[in-house]
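In order, the protein sequences belong to chains S and Y.
Residue numbering for the first sequence follows the working numbering, starting at 11 and increasing by one per position.
Residue numbering for the second sequence follows the working numbering, starting at 11 and increasing by one per position.
None of these hints come from the bench; they were simulated from the model.
The structure presented is a predicted model; accordingly, all values stated were derived computationally and were not measured.
No residue lacks a Cβ here, since even glycine has one placed at the ideal position from N, Cα and C.
Where hints are given, some of them may not hold.
[To be verified] Below 35 angstroms or equal to it, Euclidean Cα-Cα: the simulated DSBU-like pairs (lysine-lysine) are:
no., chain 1, residue 1, chain 2, residue 2
1, S, K409, Y, K21
2, Y, K142, Y, K255
3, Y, K42, Y, K68
4, Y, K308, S, K308
5, S, K68, Y, K409
6, Y, K21, Y, K255
7, Y, K21, S, K308
8, S, K409, Y, K42
9, S, K68, S, K44
10, S, K21, Y, K409
11, Y, K142, Y, K42
12, Y, K68, S, K409
13, S, K255, S, K409
14, S, K68, Y, K68
15, Y, K409, S, K44
16, S, K409, Y, K409
17, S, K409, S, K21
18, S, K409, S, K68
19, S, K142, S, K255
20, Y, K21, Y, K44
21, S, K21, S, K255
22, S, K42, Y, K409
23, Y, K308, S, K68
24, Y, K44, S, K409
25, Y, K308, S, K103
26, S, K44, S, K21
27, Y, K142, Y, K103
28, S, K103, S, K44
29, S, K68, S, K42
30, Y, K68, S, K308
31, S, K21, S, K103
[What the hints assert, rightly or not] Interface residues of chain S toward chain Y, partial, derived using beta-carbon atoms under 10 angstroms:
no., residue
32, V188
33, V238
34, G293
35, A329
36, G359
There are 2 protein chains.
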Amino acid sequence: MAHAVSPLAPKTVPEMPAVPGVRFATAAAGIKYKGRTDVLLVALDEGTEVAGVFTTSKCPSAPVDWCRRSLAQGRARAVLVNSGNANAFTGAKGVATVEATAAGAGAFVGCDPAEIFLASTGVIGEPLDAGKILAVLPDAAARLADGPWIEAAKAIMTTDTFPKVATARAQIGDTDVVLCGIAKGAGMIAPDMATMLSFVFTDAAIAAPVLQDLLSAAVVDSFNAVTVDGDTSTSDTLLLFATGKSGAPRIDDPADPRLGAFRAALDAVTLDLARQVARDGEGARKFVEVTVEGAVSKASARRIAMSVANSPLVKTAVAGEDANWGRIVMAVGKAGEPADRDRLAIWFGETRVAVDGARDPDYSEAAASAHMQGDHIRIRIALGLGEGRDTTYTCDLTKEYVAINGDYRS
Amino acid sequence: MAHAVSPLAPKTVPEMPAVPGVRFATAAAGIKYKGRTDVLLVALDEGTEVAGVFTTSKCPSAPVDWCRRSLAQGRARAVLVNSGNANAFTGAKGVATVEATAAGAGAFVGCDPAEIFLASTGVIGEPLDAGKILAVLPDAAARLADGPWIEAAKAIMTTDTFPKVATARAQIGDTDVVLCGIAKGAGMIAPDMATMLSFVFTDAAIAAPVLQDLLSAAVVDSFNAVTVDGDTSTSDTLLLFATGKSGAPRIDDPADPRLGAFRAALDAVTLDLARQVARDGEGARKFVEVTVEGAVSKASARRIAMSVANSPLVKTAVAGEDANWGRIVMAVGKAGEPADRDRLAIWFGETRVAVDGARDPDYSEAAASAHMQGDHIRIRIALGLGEGRDTTYTCDLTKEYVAINGDYRS
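With the hints as constraints, model all of the structure from the sequences given.
As structure tokens, then:
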């Protein structure tokens, strides 16, 4: 995967602190890629609680099935991730691989295999050789350390052009806690979940059901608000681990007011990672933010925003730096949601190009075009029907997307 | 629009007969394009009955609004079409243009403006100057003739690379009737309706409500089974006109058994045109037929087939001649329809690549690849759940699609 780094990559990478109770190592197992790491083993101290959100695909991967079962108990001791092969649509062999790698990791960490969480990303339908992963575990287990996070993020990349990390701090009671997250994209990105793997770690002490509430809420306006191509992966996995090592009081009530700052920090980390996924959409040259307001509901605004964000004609117009608001009208119209053509207003950046169902009489093509030449495109649509509002994130559709996906497997 | 003719264009164009009661002329009004025709006027003899199907967009164009209203009376005396400007999202100006052009055409044909049907295709959101169309009407009205159909098809093209015509014959009672149809694509192609304009003419005598039944049924497996990019136009219009000039008995009961051959002929013409639309999808290099069988219902099969046909990852894999059935699994999974991963089987052409939820052990990569190198790709998916079956038509997603749509407006 020798694609140039996305021009939309963040200019700086945050300082990523250690998370007490979390140690990890990466390894090069040669699953598909040569000359790079492709396995990440994260060991978690005893007492770690876990929450997860997974793909809505009806054909989920074997690791997704595995994680869903393990999640019921709410406890985790490790997460083992590989890139290069998704272990999806691999039948009985795929299940055997999952069981073998969980057993292997359990042996090194010293826990029940059911406390091992697994994720795989890469090609679908090719058997994943458990042996390659098992072979690197002894050495990886001997090298566990509390950093650097950027290496963890690199090991899980597929067609990603840059590693994705984010961090935030919060207080619970009087105690500082930290959150560190990593994510990978970069194709098959569509909501429920946005296709990706992401793992967020904190030293807060939060009961698994509360953690699940927080995570399920956090994805709505972050990972589920991102689309690259409308294609939902078989393997989307977002896991949140809380080691409890901060010494902060354990929270076991979702209504506990001491969760406020943590909730905000978690929302910030997931939004940051989700936006990075859109910024690294395959072939992306422009980051696109679509805001719909005045819809009859939040859900209706989301469906319209997604209709716009997923429209190939809108996305190619953005790639061509064309302030083509006619295609926005088309995408609003096809969403099937309440919309009154004659109340519609549309902005590119700060320029209102359409109002009351027709071209804005004061519309400056020059101003709109200037906005389209930037690399952060903001499209705003006002429906004038109600209070529903939503923002989604995507990228443009370029020839590079076609090139990347026309020769990905071979 | 100087795009090379699609390599998927039909090798031969059928002999298109005259349709008694139908005369037409084309003109170059310079609406947007230079050096080509962009207006089509079709005059219909008195007594012509009409049926129509239109876009489901919530933001339809002014001509679509106009046609929907006129359709209620079931009578038509002319259809006036322009390419280069869709007269969509043009507010009060758009309505005025519709009224002015209908009045103008009515004056030349000698009928009520409500018996004039209108269609416009091209850029959205730019005012359409009625004067340019009115200026060419006198000359066009003086040149009305019963052929050649290929010129009618050319005048309505936008980014189409070849004109689309189809014809069929049938008997009603003992009398021969003829059907001639034209269509244009080639972007914003998605079902309900597949984005396009299409006009079908026959000399049969069929009551408007019966005609509507026939047309509504015909689109299900033809125009509504086609997708290029999942983007539904504001302007989709399919009109069926029956002049009654054949002398065949007039049919006013949809259950009349004498309709059998006509129904089959209409289905054949609409399917032929719809497939040509997919063959001329913007940037298309491969025609793709997606068949889903064993679904729980026809509707479920359709949704899964459309999920596959609209998937950018499937379409780019086809462009790359990659037998990437993992992406088929993904697209089946994301459709949200009942599917059992472990019963799924997938074929490319005659090669079964996956069975029982995993790679077919006898799978020949060479055979599958050979099929992918052709220009007619057949993808078959068996779900093993029920009797539901459907076929949809699409094309691959190429760099040329991005190029065409990145600089369409400017």
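Here is what the structure says about each hint:
Taken as a hint, the K409/S and K21/Y pair is honoured in the structure, with Cα atoms around 29 angstroms apart against an allowance of 35 angstroms. Restraint check for K142/Y and K255/Y: the C-alpha separation of about 33 angstroms stays at or below 35 angstroms, so the hint holds. Distance restraint check for K42/Y and K68/Y: the Cα-Cα separation of roughly 26 angstroms lies within the 35 angstroms cut-off, and the hinted pair is therefore satisfied. A distance of roughly 32 angstroms separates the Cα atoms of K308/Y and K308/S; the hinted pair therefore holds under the 35 angstroms criterion.
The hinted pair formed by K68/S and K409/Y meets the criterion: a straight-line CA distance of about 30 angstroms does not exceed 35 angstroms. At most 35 angstroms may separate the alpha-carbon atoms for a hinted pair to count; K21/Y and K255/Y meet this at roughly 32 angstroms. Straight-line distance between C-alpha atoms of K21/Y and K308/S comes to about 50 angstroms, which puts the hinted pair past the 35 angstroms bound. Distance check on the hinted pair: K409/S and K42/Y sit about 27 angstroms apart at the alpha-carbon level, within 35 angstroms; holds.
Between K68/S and K44/S the CA atoms are separated by roughly 32 angstroms; this keeps the pair inside 35 angstroms, and the hint holds. A C-alpha spacing of about 29 angstroms is found between K21/S and K409/Y, which places the hinted pair at or below 35 angstroms, so the restraint holds. A distance of roughly 10 angstroms separates the Cα atoms of K142/Y and K42/Y; the hinted pair therefore holds under the 35 angstroms criterion. For the given pair, K68/Y sits about 30 angstroms from K409/S by alpha-carbon distance, which is consistent with the 35 angstroms threshold.
Proposed proximity of K255/S and K409/S is contradicted: the alpha carbons are some 48 angstroms apart, above 35 angstroms. A distance of roughly 30 angstroms separates the Cα atoms of K68/S and K68/Y; the hinted pair therefore holds under the 35 angstroms criterion. About 28 angstroms separates the Cα atoms of K409/Y and K44/S, which keeps this hinted pair within 35 angstroms; it holds. Simply put, K409/S and K409/Y have alpha-carbon atoms about 5 angstroms apart, close enough for the 35 angstroms limit, and the pair holds.
Restraint check for K409/S and K21/S: satisfied, since their Cα atoms lie roughly 24 angstroms apart, inside the 35 angstroms limit. Of the supplied pair hints, the one linking K409/S and K68/S holds, its CA atoms being roughly 30 angstroms apart against a limit of 35 angstroms. About 33 angstroms separates the Cα atoms of K142/S and K255/S, which keeps this hinted pair within 35 angstroms; it holds. Distance restraint check for K21/Y and K44/Y: the Cα-Cα separation of roughly 27 angstroms lies within the 35 angstroms cut-off, and the hinted pair is therefore satisfied.
Distance restraint check for K21/S and K255/S: the Cα-Cα separation of roughly 32 angstroms lies within the 35 angstroms cut-off, and the hinted pair is therefore satisfied. Between K42/S and K409/Y the alpha-carbon distance is near 27 angstroms, which keeps this suggested pair within the 35 angstroms criterion. Restraint check for K308/Y and K68/S: the C-alpha separation of about 18 angstroms stays at or below 35 angstroms, so the hint holds. Proximity of K44/Y to K409/S is assessed by CA-CA distance (about 28 angstroms); at most 35 angstroms being required, the pair is judged to hold.
Of the supplied pair hints, the one linking K308/Y and K103/S holds, its CA atoms being roughly 33 angstroms apart against a limit of 35 angstroms. Annotation: proposed proximity of K44/S to K21/S holds, straight-line Cα distance about 27 angstroms (limit 35 angstroms). For the given pair, K142/Y sits about 15 angstroms from K103/Y by alpha-carbon distance, which is consistent with the 35 angstroms threshold. Annotation: proposed proximity of K103/S to K44/S holds, straight-line Cα distance about 24 angstroms (limit 35 angstroms).
Between the alpha carbons of K68/S and K42/S the distance comes to roughly 26 angstroms, so the proposed pair stays at or under 35 angstroms and holds. Between the alpha carbons of K68/Y and K308/S the distance comes to roughly 18 angstroms, so the proposed pair stays at or under 35 angstroms and holds. Using a Cα cut-off of 35 angstroms, the hinted pair K21/S and K103/S is violated, with the two alpha carbons roughly 42 angstroms apart. Evaluation of the V188/S hint against chain Y yields a violated restraint, the C-beta minimum of about 35 angstroms exceeding 10 angstroms.
At about 9 angstroms, the closest approach between the beta carbon of V238/S and any beta carbon in chain Y falls short of 10 angstroms, and the interface hint on this residue holds. Residue-level restraint check for G293/S holds (minimum Cβ-Cβ distance to chain Y is 9 angstroms; threshold 10 angstroms). At a threshold of 10 angstroms, the smallest CB-CB gap from A329/S to chain Y is about 5 angstroms, leaving the interface hint in force. Of the supplied interface hints, the one on G359/S is violated, with its beta-carbon coming no nearer than about 17 angstroms to a beta-carbon of chain Y, more than 10 angstroms.
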